[in-house]
Structures are given as structure tokens and as C-alpha cells.
Amino acid sequence: MESKKAQKKIGTEKLQRIIEMCIAIENHTVDPFLLNVDDVIKVVQEYFPRWDKPEELNLDSEVISHLASVIKLQSEWVKHRSTSLYTDPFLLEEKITQATKDEMVGVFLGAWLPVVELEQLNLHSFEEALRYWERLLPLKERWPELAVPEVAIGTTSRDELLRQRVLGDRVFSDELESFWRELKDKVKEKGAGGKMRYWDFIGADTYEETVERAFLASFLITYGYATLEIIPLEEEVFIKPFAKPNTQIQTQQSVSIPIAVTYDDWQKWKRGELD
Amino acid sequence: MLFYRRHQKPGVKGWELQKALGADYPKVVEVLDDYLKSLDLMVKTVFEEEKTPAGKPSLEELNRARFYVTLRGELTPKESKMIGWRIDDLAGLAVAISYIISKRGQAPRKDVEEVLGEKLPGWKVGINIDRYIRYGYLQDDENDQLYLNWRTRAEVDEKALINLLLNAETQKSETSDVSEEESKDVARPEDE
Chain B
1 MESKKAQKKI GTEKLQRIIE MCIAIENHTV DPFLLNVDDV IKVVQEYFPR WDKPEELNLD
61 SEVISHLASV IKLQSEWVKH RSTSLYTDPF LLEEKITQAT KDEMVGVFLG AWLPVVELEQ
121 LNLHSFEEAL RYWERLLPLK ERWPELAVPE VAIGTTSRDE LLRQRVLGDR VFSDELESFW
181 RELKDKVKEK GAGGKMRYWD FIGADTYEET VERAFLASFL ITYGYATLEI IPLEEEVFIK
241 PFAKPNTQIQ TQQSVSIPIA VTYDDWQKWK RGELD
Chain A
1001 MLFYRRHQKP GVKGWELQKA LGADYPKVVE VLDDYLKSLD LMVKTVFEEE KTPAGKPSLE
1061 ELNRARFYVT LRGELTPKES KMIGWRIDDL AGLAVAISYI ISKRGQAPRK DVEEVLGEKL
1121 PGWKVGINID RYIRYGYLQD DENDQLYLNW RTRAEVDEKA LINLLLNAET QKSETSDVSE
1181 EESKDVARPE DE
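If you read the sequences in order, they're chains B and A. Mapping of the first sequence onto our numbering: position 235 corresponds to residue 235, and the numbering continues sequentially without gaps. Mapping of the second sequence onto our numbering: position 11 corresponds to residue 1011, and the numbering continues sequentially without gaps.
A hint or two may mislead.
The following label-pair restraints were derived from C-beta to C-beta distances [claimed, not checked]:
(1) 1054(A) x 24(B): 33 to 39 angstroms
(2) 1149(A) x 222(B): 21 to 27 angstroms
(3) 1034(A) x 77(B): 40 to 46 angstroms
(4) 1035(A) x 204(B): 48 to 54 angstroms
(5) 1121(A) x 30(B): 33 to 39 angstroms
(6) 1006(A) x 30(B): 41 to 47 angstroms
(7) 1114(A) x 144(B): 54 to 60 angstroms
(8) 141(B) x 1034(A): 25 to 31 angstroms
(9) 1139(A) x 229(B): 43 to 49 angstroms
(10) 1106(A) x 133(B): 42 to 48 angstroms
(11) 152(B) x 1005(A): 51 to 57 angstroms
Everything labelled a hint here was simulated from the structure, so no lab data went into it. Remember, predicted model here, so these are calculated numbers, not experimental data. No residue lacks a Cβ here, since even glycine has one placed at the ideal position from N, Cα and C.
Using the sequences and the hints given, assemble the complete structure.
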């Protein structure tokens, strides 16, 4: 009995070491080929019959999952090495250091075809601009001074702020999580291919609610709960929930996608004219 | 459409061409490319995520690609001076791009600065890297990693650059007619 326990302990430690190694490889701190996949599989096979507790089986599946990532990295490495772009980085660095400025310029000019672009004003755009200027109202008319009534300074309460919708009645993260669940449910119900039209998701009975939903949807996307798929030619925007929040999205370079949620668009959506 | 700059970038996306010219736009682009030959220019297609299709690209792939007009023939060192590049800056750009390619498309800014700092004065290194980023040759992220950006993908044949660099020994004599002094006196007007 004691020996079985000791064996399990050794097995658990081995699997944990394998996981640590795999994580180091996934973080690009260790060469993926330092891990012998066959040996790892042998270890996993050897200890698998001894696992009976959920946490032990969980550890076993974790090893397999990390091993799959390492194999993927190994295959990417082989692919890169087999492309004609692969050159030994040390050799290349050596060449860069040894080359003089003139040599470097000579080399670069052999591979460089600069983009040609125009920066001149043409008559058409000049005419357009003049027409715009003619139609443009003076600032005085566009920005009339607001008659703001003077009010005495007072205090407010949390209830008052809730009533005025300055504060939400739920913690924002809870609200976001429930909005994400709603998106997943709606996609299952009305969507196709794991996604649905953006407007069909944010659209609500009132314009105010639609804007609020668009605001929350923007956070779903920024925080990696969902993503947008844009088909530019058809001008269609879809929203696609992730099964699990993609936390890496916040560490990657991101782009901002402005989507106008105007009153006109909302009315069109209500009438079913927003395609 | 191809020549003008919109949203900070010249060129145009395939789907924008389709909107303006119809689904047959690849043929129009072909005709334009042929026409531009006489001006020593060409239409360059840069596919999304650098994934150049193996065979003939599909309309969908073309729609997602970006089209630019670039020079067709190579520049000589003297001509590069004419379009406003100092030899120092151009050599620095070549080094930065080659170095990042050698590191599989991503390198810490610190490392690139170190390589450039071997031959450029320290105060110039940071300015130059910022300039390459501003022009769209490189991009950086919040972790101070440098990557190649859209302009490098549009203008530089990465494979050719690496091959030429590896064979640089044989090219010494061809480029020796560019004197550093004569090329230092011209710079991009916007930078001065």
C-alpha cells in the first residue's frame, strides 16, 4: 500500500516536471527539441493505470495538452527551417556586423522597391473642399452657447446616482460576464457558425438600451470575451463569442474598430432595413 | 486610388477596388501593371498576414490583399540619394530589417539598438528607429519588441535581402562608388 502511494508521488512529481518544461518551451525560453516526446509519452503511459483520483487524471490530461503545444512548436520550427527564408541567425548577425555602411546599402537596394505615392492636391478635391466650406455653418451657429442654469451645490446619495444611471446596480465585471453568457445563448439560438450579426445582438427596444448594449459589447471584445468578424465588401459585422475568455488578447497588438450606433441606424434596424 | 494616401497608408485594399471597379478588377490591375512598365513602376500585391498563395490567388484573397504602386527596377546607390535617404539612415534601416528577419520577425528594441549602436552614434540610434517606425517599416509593442511593418512587406523582398546579405562579399566592388560624404548632404526634408 505504502509502495503504491510512493509510486504515485514519484509519478506526480515527474508529470509536474514535464509540465514545467513544456511551459518553459511554450514561453520560448527553451528549445522545443530538448524535450523527447517519446520519453514523455512512455512516462505518461507508465503511470496512467495508477491514477484514480480526479486531480491525478487532471494532471495527466494537462501533460497531454502541454505536450500537444510543444509538438506544435516543434512542427513550426521545422517548417520555418525548411523555408528558404531560414538562415542561421548567428551567420546573419555576423554578416550584418562585418558589412560596411556602403555594402549594407548596396545589399538593401537590391531588394528594395519603394512605394510610389502622390501627395498633390487635385482640382476635384479642391472643388469638393470649397463646396464643403460654403455649406459649413459659422462656429457661432454650430456651437450655440448653452444656457446652463445656476444651481446650489448639494450632496447626492448612491441611490440617487443609481436612479440617474451614473452608477450601475451591479459590479461591472458581473454585468460583463452575464452579458457574455447572453451573447453565447443568443448565438446558439439565433446565430450560425458560432456568430451572429452585431446589430441583432446589440439592438434593443429603445435607442438608449441599444447604446448601452453597444458599450458593453465593446468591453466584451476588448477584454477577450468575444471578437468581431468584418466582411468589408458586404459591410457586414458579426460578433462571435469565445468559449473561454482570451486573456492573451490584451497583451497583443490590437486595432480599434469604430462602429457607429446612430439613431438612424437603430431605426433602420428596427424596421429590418439594416442589412 | 493606388497612388493616394488614405488613413496614413498609400495603396488600396482589394475590396475597395472591387467596389470601385467591379469584380473584374484583377484584370484592370493587370492592364495597369502593364501600362506602368514603361514608367518603370509596377503594381505590388501584398497578401494578408504575408501569406502569398501558392497558386493563382482567389478573389477573396485578393480582396483582403493591399495593392501599391512601387518601383519596378532597382535603385542605384546614387538614385537612393535622389529620393532623400542619407546613407547612414538607409544602412541602419537595412540592418534593422535584416536583424529582425534573422530573429524570425521579432526582436527586442534593445538588441536592435545595440547592433545599430556599433556603427551609428548613440543619439542617432533611437531617433532612427523611431523614424523607421513612423514611416511604417517597423512597429513596436508595449513590451519593446520590434516587428516588421506594412511598408517593409510592401517594399522589401525579404528573401532577396537575406540572399544578397549572405553573398555581400562579392558585391563590395559594385557599391564602392558611393562615398559617404557625398551622400550625407541630402536628407528627407521632413526630418530636418
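How the hints compare with the structure:
{"no.": "1", "hint": "1054(A) x 24(B): 33 to 39 angstroms", "result": "holds (35 angstroms)"}
{"no.": "2", "hint": "1149(A) x 222(B): 21 to 27 angstroms", "result": "holds (23 angstroms)"}
{"no.": "3", "hint": "1034(A) x 77(B): 40 to 46 angstroms", "result": "holds (42 angstroms)"}
{"no.": "4", "hint": "1035(A) x 204(B): 48 to 54 angstroms", "result": "holds (53 angstroms)"}
{"no.": "5", "hint": "1121(A) x 30(B): 33 to 39 angstroms", "result": "holds (37 angstroms)"}
{"no.": "6", "hint": "1006(A) x 30(B): 41 to 47 angstroms", "result": "holds (45 angstroms)"}
{"no.": "7", "hint": "1114(A) x 144(B): 54 to 60 angstroms", "result": "holds (58 angstroms)"}
{"no.": "8", "hint": "141(B) x 1034(A): 25 to 31 angstroms", "result": "violated (53 angstroms)"}
{"no.": "9", "hint": "1139(A) x 229(B): 43 to 49 angstroms", "result": "violated (24 angstroms)"}
{"no.": "10", "hint": "1106(A) x 133(B): 42 to 48 angstroms", "result": "holds (47 angstroms)"}
{"no.": "11", "hint": "152(B) x 1005(A): 51 to 57 angstroms", "result": "holds (54 angstroms)"}
Checked against the numbered hints above, the structure violates hints 8 and 9; every other hint is satisfied.
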